[in-house]
Amino acid sequence: MIPIIGEPHDRVDGRQKVTGEARYAAENNLPNLAYAVLVTSTIPAGSIAAIDAAAAKSAPGVISVISHLNAPKLPDTGGQQQESNAAEHHHMPFSDDSVHYVGQAVAAVVADTFEHATHAAGLVRVNYRPTPARIVMEEHRSDAKERQGNAPATFSKGDAEGALASAPVKVDQVYRIPYEHHNQMEPHALVAAWDGDRLTVHDSAQNIFTTRQTLAKAFGVPTESVRVMSPFVGGAFGSKGSAWPHVFIAVMAARMVRRPVKIALTRRQAYFSNGHRPLTEQRVALGATADGKLVAMIHEGIGQTNTVCDYVEGFTSPTRSMYATPNVRVAHRVVELDLPSPTYMRAPGENPGMYALESAMDEMAYALKIDPIQLRVLNHADDDPANGKPWSSKSIKECYAQGAERFGWPRRTSEPRSMRDGRQLIGLGMASATYPSHRAPASARAVMHRDGNVDVSSGTHEMGMGTATVMAQLAAETLGVPFERVTFRYGDTTLPRAPISAGSLTVASVGSAVFAASSQLKRKVIDLATADASSPLNGTDPNDIDAADGKLTLKSDPSRGEAYAAILRRHYLDTMDAAADEKPEPNDPYSARAFGAVFAEVGVDPDLGIVRVRRIVAAFAGGRILNAKTARSQYHGGIIQGIGMALLEQTHLDRNLGAFTNVNLAENLVPVNADVRSIDVILVPEDDPHVNPIGAKGIGEIGIVGVAPAIANAVYHATGKRVRDLPITIEKLL
Amino acid sequence: MTLPPCYTNPEPDDESPADPSRRSFVIGSAAATAAALISPILGAAPATAETPPKSDPNAVAVVLDVNGKRHELRLDPRTTLLDALREHLDLTGTKKGCDQGACGACTVLVDGKRINSCLTLAVMNSGKAITTIEGLASNGRLNPVQAAFIRNDGFQCGYCTSGQICSAVALLREGHTHSDDEIREWMSGNICRCGAYPGIVAAIREAANARV
Amino acid sequence: MHAFDYVRAKDLSGAITSGSRPAAKFVAGGTNLIDLMKSEVERPAHLVDINGLGLAAVERVPGGIRIGALARMNDVALHPLVQQGFPAISQALLASASPQLRNMASIGGNLMQRTRCTYFRELTFAPCNKRDPGSGCAAMEGENRTHAVLGTSSSCIATHPSDLAVVLAALDAVITLHGRDGERKVMATDFHLLPGSTPHVEHALRHGEVITAVFVPDAAHASHSSYLKVRDRSEFEFALASAAVGLELSGGTIRSARVALGGVGTKPWRSREAERALIGKSPATATFRDAAEAALTGAIPHEQNRFKIELAKRTLVRSLTDLAGGAA
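Residue numbers (our numbering), protein chains in the order written: chain A, 1 to 734; chain B, 1 to 212; chain C, 1 to 328.
Bound conformation, chain A alone:
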């Protein structure tokens, strides 16, 4: 049998994407569509004194101007604890005159065309009563507080301070990551249409079921009467996991003007009102014995948040699990500022946290004068130090070894500034990577048709991870039907429920449901056949039956068997189906994480301070790989965003205006094609029988983790300059 899982199948949605047929949220040009354009605040804190909408209302094509003066008051949907994803649920849009950040929606103009709405939005005059604003995080360190996020804010064991004080070798430094934006290519957009009390929303979303529930609560209609569709998502990286204010505004506007309404945020607007990776300031203190055993780890610091959202950047998460140390203390706190709401951004917690930790580990390796890989192997955590549980599987040592060999690590001379290529200083650096393997409840349905075709469905999302392709592969292999016979349907709340597509949990969660539904469907057909006197499989042991290429065959006698389609036809069945609701076991006895090792080679122009990444080799062990082609692409994407994080990405904040300033793609720099040279990803084989029924750990996030520190460590090796605040720009190396 030709294996299906693991094969580098082309994407099933490829043709739609290369022909332009794939329709994204804003491209649902419903009849009688109206366009809404937001008017946004220009002060960071205070209240709206007056709104003069007269000019806008009389402008050509304008249907309505909506603000807190005339909008329905939406209830607080309760945030994540209440199965809501209203990102700013402490302040629903247009609920009052308060202003919490620059760029907050304060009005919306609805008009018959995009041009009319855009022009009229510029005619709305808003006067404000500003109040003193809290803008600069460093000025408010003393107000840092603990907030419960994904991980508890603090964790400790042993006596970290005491052990650090008496450690023979110490590193104690502060690392800083600036505000960064997702910069997904498709700005947030949706089309909302009401039909009586039934609401249809075409959104660009990572979490359609929770959006449905949130909208139902906010607008007081039954959940079943809301349908959210998001079949194609033009990139998200965390920025579309929440229902941001514009979602409610579009739905509200559609109800008020009794027409379908489209809101497509401008690129500029999306920098203010749709989340960002918050500024963090992280202290990492490591203590070690002279022979390189870590005796103390402290990781603490602050990250920006605000008062209208609940977000916490949990950057100490990886430090709890990464290395074996008897004495650990971590604490991440938040500082509430009058700035836009932060949110998840690719590998939240782990990515910023590992930049700090893995930079400190490199500093420790130099302090100890031992090889950076050796330091990490010496302190390998055989069990999860966070909870003492055994790992479901862990292959980081193989990642170090295979990555080092492919990269040519042994040719590195450890002294900074010791390697050159012509004018360029060459630096080689490495870092570890890790990301936890999450899983959430998910449902799926599998339907076999009498022609042998199979429909599998789950209301999950495809933002480019390859979900549609690997789910079809999983169902095809489980059922034993050709890959081409399977259609996977997703992106619609009329399908079986799926969780948020975030945290690298989609394959583990939705895959487990697809696997269960497909297995059950196969078993139903087998049971039908074995009980059927007309079947060649009549009376055989179901466990002795194998399925391949659309056919059921007896393992012990391959001459006996018949096609799925034949069984359905003989029973006059148009379809057979099965559905599954799968959830993770409570009290999992194992800890599960994906691990990896990232190696970077940089060339630095010593006069001009220009850093270019010459090559990256990265080895990842993420459990079972369902599709080698899309998996590599996922890793490439993470690595390239990591290159951006290391060298380019930062959203500047004007401390006087309280506004992000480089709010366009020309100045909010992300890597272009010429920034990316050789990237070599090693898929380290890993068999994990414990993590979930699929054996896949999730690979969407780990690709970015470790890249920025590997590059920063390479820059140190090249130049002797340790840059502890990202990105590593020219002025830091002059």
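Heads up, some of the hints might be wrong.
Simulated crosslink set (DSS-like; lysine-lysine; CA at most 30 angstroms straight-line) [to be verified]: (1) A:Lys57 with C:Lys185; (2) A:Lys721 with A:Lys369; (3) C:Lys10 with B:Lys69; (4) A:Lys524 with A:Lys551; (5) A:Lys170 with A:Lys524; (6) A:Lys157 with A:Lys389; (7) A:Lys57 with A:Lys157; (8) A:Lys170 with A:Lys369; (9) B:Lys69 with C:Lys185; (10) B:Lys113 with C:Lys281; (11) A:Lys170 with A:Lys732; (12) A:Lys293 with A:Lys170; (13) B:Lys113 with C:Lys38; (14) C:Lys185 with C:Lys10; (15) A:Lys57 with C:Lys10; (16) B:Lys113 with C:Lys10; (17) B:Lys69 with C:Lys38; (18) A:Lys551 with A:Lys629; (19) A:Lys157 with A:Lys397; (20) C:Lys10 with B:Lys128; (21) C:Lys25 with C:Lys10; (22) C:Lys185 with B:Lys128.
Non-contacting residues of chain B with respect to chain A, defined by C-beta distances greater than 10 angstroms in every case (computed) [stated by the list, open to error]: (23) His71; (24) Asp83; (25) Ala105; (26) Asp111; (27) Gly127; (28) His176; (29) Ala208.
Distance windows between CB atoms, simulated [as the list claims (entries may be wrong)]: (30) C:Thr17 with A:Arg612: 37 to 43 angstroms; (31) C:Ala286 with A:Pro130: 31 to 37 angstroms; (32) A:Ala49 with B:Asn67: 50 to 56 angstroms; (33) A:Arg411 with C:Ala220: 45 to 51 angstroms; (34) C:Glu183 with A:Asp725: 51 to 57 angstroms; (35) C:Gly54 with B:Asn58: 25 to 31 angstroms; (36) A:Ser98 with B:Glu182: 51 to 57 angstroms.
Hints listed in this document are in silico derivations from the structure and should not be mistaken for laboratory results. Small disclaimer: the values here were computed from a predicted structure and weren't measured. Glycine included, C-beta positions come from ideal geometry on N, C-alpha and C.
Position chains B and C against the provided structure of chain A, taking the given hints into account.
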């Protein structure tokens, strides 16, 4: 196993593939021969999309020749070529990424040259030959660049892809494909945030080699 | 975007007539103007499309080359006359923007492009003396990493964004303008203006005048010229610092030199001081460093752009070193 009501699919029409309303929810067809999908909405929208906005006094006559088809429109002169394609002709394959000429998602070919359709007005392109992503395949046969993008996984989310492919088609004509570095330089006007650059370069290299 | 009426000019005189109306603007490529119209920084009442005027030839004329103002950036960059006689022009154009924008943008429009200062073009609620004379300057105490260190005033520190204009300033280009009073010529070095107390007045073009051509004189330092652009990203970014240099070397001596800097000035920054420091000297690192010190004399940094002074010096030293080495 029984599903709670809100988890099950109430769509009753799974088994009637002839019904277009079923196809409208087929998103990721694994079938290599899958027919072109219609709009994943109500199906009827494109028919009305070409109607101009109700008698705008400022509207001007614009003739757009797109993919060999002539469209006579009356448009607000402020309408960019990009918005004319997307909002008035329902040719939504051309994407709006930044609307500021800084990302390349809106790349189309005008008189054979690649440009950013967000920074030119529709009225300025009256009478010019415009090719969009929808015009690259012929009779259902993909352009070699389109096929190479699929084979080399030159995209993930797909939102920059139309622009990348239009840019790449022009690049092949321009001849800036002598090395991977030259391809990278001349494709740097098309940002891909998913990071599909290695696949994009491989796809263009493959398509360029096939032309020789 | 504000409403305007759209006029397609059929000939030069028609363009001048249409463009002389109050609040009229010419549009060619549109890459800068339409972007600024979207943010309502530009609000023309009449938009005069001059793409039908021709004016796109690149041709040899006595004493140099003449580049039509409506020639597109890519076409000029790849033109043999430009590549052979004026390599710095070709290099500057190819280092600009993206292939798509270079197919759209005209040479005349390139000279007319406006600053990337975020307070001018994005944060239109912020004070900006260039956009809203007398309102103040948010960049002085704000985010000014990319701002100018040369030619600044207490009103404005916005950087001139063009790469091409830097080379044209270096190579003594002459810009031909046509208006109601006929033709006149302006040196490229005089075309862009210092901000002074009137940062909204950016150039010597009068209302209703059209740029029709750019003449660049032949010279040994033009055919032996280069443009080096330093930026964070490999491509598709404006300069943090750039240098256009041309050298005529003979017998181990610099006979003539041309130097202009980009990314650091409020206008394309020709440095005759640097040229004086080079002429008559032998090409050596110390000489180049002297020229760089001379070029940055009087530079005024702000909080975040202090590094640009040293970066510009090093950029100039590097480009002179490479150019001299290439001649040796």
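Hint check results:
no. : hint                                       : verdict
1   : A:Lys57 with C:Lys185                      : 48 angstroms, violated
2   : A:Lys721 with A:Lys369                     : 17 angstroms, holds
3   : C:Lys10 with B:Lys69                       : 26 angstroms, holds
4   : A:Lys524 with A:Lys551                     : 14 angstroms, holds
5   : A:Lys170 with A:Lys524                     : 63 angstroms, violated
6   : A:Lys157 with A:Lys389                     : 15 angstroms, holds
7   : A:Lys57 with A:Lys157                      : 63 angstroms, violated
8   : A:Lys170 with A:Lys369                     : 13 angstroms, holds
9   : B:Lys69 with C:Lys185                      : 45 angstroms, violated
10  : B:Lys113 with C:Lys281                     : 47 angstroms, violated
11  : A:Lys170 with A:Lys732                     : 25 angstroms, holds
12  : A:Lys293 with A:Lys170                     : 11 angstroms, holds
13  : B:Lys113 with C:Lys38                      : 24 angstroms, holds
14  : C:Lys185 with C:Lys10                      : 23 angstroms, holds
15  : A:Lys57 with C:Lys10                       : 38 angstroms, violated
16  : B:Lys113 with C:Lys10                      : 23 angstroms, holds
17  : B:Lys69 with C:Lys38                       : 29 angstroms, holds
18  : A:Lys551 with A:Lys629                     : 27 angstroms, holds
19  : A:Lys157 with A:Lys397                     : 25 angstroms, holds
20  : C:Lys10 with B:Lys128                      : 17 angstroms, holds
21  : C:Lys25 with C:Lys10                       : 15 angstroms, holds
22  : C:Lys185 with B:Lys128                     : 34 angstroms, violated
23  : His71                                      : 15 angstroms, holds
24  : Asp83                                      : 6 angstroms, violated
25  : Ala105                                     : 6 angstroms, violated
26  : Asp111                                     : 20 angstroms, holds
27  : Gly127                                     : 22 angstroms, holds
28  : His176                                     : 12 angstroms, holds
29  : Ala208                                     : 15 angstroms, holds
30  : C:Thr17 with A:Arg612: 37 to 43 angstroms  : 52 angstroms, violated
31  : C:Ala286 with A:Pro130: 31 to 37 angstroms : 55 angstroms, violated
32  : A:Ala49 with B:Asn67: 50 to 56 angstroms   : 52 angstroms, holds
33  : A:Arg411 with C:Ala220: 45 to 51 angstroms : 46 angstroms, holds
34  : C:Glu183 with A:Asp725: 51 to 57 angstroms : 54 angstroms, holds
35  : C:Gly54 with B:Asn58: 25 to 31 angstroms   : 29 angstroms, holds
36  : A:Ser98 with B:Glu182: 51 to 57 angstroms  : 54 angstroms, holds
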